[in-house]
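Fit chain P to the supplied structure of chain Y, relying on the hints for placement.
Line by line, the protein sequences are chains Y and P.
Quick note on the UniProt record's numbering: the first sequence kicks off at 1 and runs consecutively.
Quick note on the UniProt record's numbering: the second sequence kicks off at 1 and runs consecutively.
Quick caveat, the hints were computed from the structure, so don't treat them as lab data.
No residue lacks a Cβ here, since even glycine has one placed at the ideal position from N, Cα and C.
Do not rely on the hints blindly, as some may be mistaken.
[To be verified] Residues from chain Y that keep clear of chain P, each with C-beta distances beyond 10 Å, as calculated:
id, residue
1, Lys187
2, Glu214
3, Pro215
4, Ile239
[To be verified] Covered by chain Y, per the in silico footprint, the following chain P stretches (three or more residues, Cβ under 8 Å):
id, stretch
5, 49-62
6, 194-207
The primary structure of each chain is shown beneath.
Protein chains: 2
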Amino acid sequence: MASKSSDKVLFFSQTSIPDKFEESCLKLDDFVKHQVVLNRKIILITSGGTTVPLESRTVRFIDNFSSGTRGSTSAEYFLQKNYAVIFLHRHKSLEPFYRHLNRDIFDSLELTSTGDIVVKHENKDHLAKIIKQYKTIEEEKLLLKLEFTSLGDYLHLLKATCERLNKLGTSVMLYLAAAVSDFYIPKADMSEHKIQSSNGPLELKLQLVPKMLEPLVKDWLPSAYIISFKLETDSRLLISKSKQALDKYKHQLVIANELEKRKREVTLVTSETVNPIILSEEDLKRGTEIESVIVKEVIKLHDNYIKSN
Amino acid sequence: MASKSSDKVLFFSQTSIPDKFEESCLKLDDFVKHQVVLNRKIILITSGGTTVPLESRTVRFIDNFSSGTRGSTSAEYFLQKNYAVIFLHRHKSLEPFYRHLNRDIFDSLELTSTGDIVVKHENKDHLAKIIKQYKTIEEEKLLLKLEFTSLGDYLHLLKATCERLNKLGTSVMLYLAAAVSDFYIPKADMSEHKIQSSNGPLELKLQLVPKMLEPLVKDWLPSAYIISFKLETDSRLLISKSKQALDKYKHQLVIANELEKRKREVTLVTSETVNPIILSEEDLKRGTEIESVIVKEVIKLHDNYIKSN
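Only chain Y is shown next, with the shape it has when bound in the complex (with noise of 0.2 Å):
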């Protein structure tokens, strides 16, 4: 079932306005011409499910199972390799250096004498290393963050930003680990109040969301180093699933992924190579994030992409 760009048009159409969109226009303008300056390359991840609201004045909704770990753990090891990052991310699903600040570390919060509150955690040396990381971060201004909640809005921000990006082509990458909805019900067939149970069982009618990767490729960002991820269940269809959304968007790179093996094993799919990541028992053991192998693989394909465009 190819998409329209008709269909597009009146997708964006049927979806409100996300909240403060100017405010995060600015931001990016901002941002995007800060990087430029310093001749950074800039990524924009995007991390965590959308909703797909079903009722106006929203109690229920379809979400998509995404807490954001692979997005934000990404973007960490992305900007220690200097890259800018903009990091649009489902309102709170975990970010980069505060998905770190866990019940652990309230556990370990201890008053002195002298009514300070100190951090006594066996880890400390580690999160010390992460607190000094984050603060450079910030001096620096290398991460711009960007939330959203519903696929109306995550859809108005992306499109925001590779509007900002298009005229930087290579050095450019998207890397599209947020887990977007397929299906979504349009405004107008919407109950505005919560749905009530005394009407008894209920039917749902979900329309299918036109795939944007289509104009992203072609017309939203044509030169930027392009990566889309597809999760299954069923690990018969990954990877003829990747070479199949390679060949309809032609973009650069999927990453395949089965929900349950997902923080150990990944696949990088392109249109010539499939190249599986695999962690190690003794990987896992030491702590290390498939993660920082994901990243140091994809900043050489990127680096190939700018070399031969």
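Same frame as chain Y, now just chain P:
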């Protein structure tokens, strides 16, 4: 549409037993025994939204709006009043004490010259108070936390908890703040793998979840003080629907709230009274949490209930 007891039996057989269910039951046994020895009142607080999976190996699900603010905040105030709290909450929703651990705190972590990590927060004194409270609660074993994700997990754990509280009579309170799905897809109707968008638009048929408040009040915990919550977006329905619920289920209290005003206005509805709680602008500026007022009022109602039964 009155739900029959056969619906409920059917529902339980159509949802899977939660992970680590036996472990949770053992924890419940220990916790309840400990509180009974110390003659403490026990409150079960449910918090956060339940999910309804659309696939067995779940990538997509329907979710109910709830970050767990009402439940986690209320839990802290009940703990301050020496209630033992069973906190049955959605995985990754807000938890008592941990809810104060936010980005602000990460931003305020500083490295000292001696290699320590200290918190340089403007609200340091407030945070110090919370850390002290938290450590006391831990030492006194006043708090048990249990997690759910899906509707099925939630209902199995709710039932198991009620079975263990049943013999404790009027000293038990239920504070059902979780946002529980009204609709679900039975296991037999569910797709095993991720639903493919290549099959075109999606039609979903959802069944009504049987109203568990009915057996809960009648059979599971007939002597307890039971509080349900009513959230609506349409304010005109709020009080009438709360009254209907009390008529139908014969429990003691409905806490009614409108989605957009829920942090500054709620109404306590009993079969005889309608008691609004509204925070003033001054209260809000001072940082008063509405849960502090709700908990005070609810404890009064519970005390009266114990005396008169």
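Handout entry: Check on lysine 187 (chain Y) being off the interface with chain P, judged by Cβ distance over 10 Å
Key = Nearest chain P Cβ is 16 Å from lysine 187 (chain Y), so the label holds.
Practice task
Decide, holds or violated, for the assertion that all CB atoms of chain P are farther than 10 Å from the CB of proline 215 (chain Y).
Solution key: Answer for proline 215 (chain Y): holds, closest chain P Cβ roughly 17 Å.
Problem - Nearest-CB test (10 Å) between chain P and isoleucine 239 (chain Y) - result: holds (15 Å)
Handout entry: Residues of the stretch 194-207 of chain P with Cβ under 8 Å from chain Y, three needed, outcome
Key = Result for this restraint: holds, n = 12.
Problem - Verdict on chain Y covering the stretch 49-62 of chain P, where coverage means 3 or more residues with a C-beta closer than 8 Å - result: holds (count 9)
Exercise for the section: Decide, holds or violated, for the assertion that all CB atoms of chain P are farther than 10 Å from the CB of glutamate 214 (chain Y). Expected result: holds (14 Å)
Going through the hint list in order, the structure satisfies each hint without exception.
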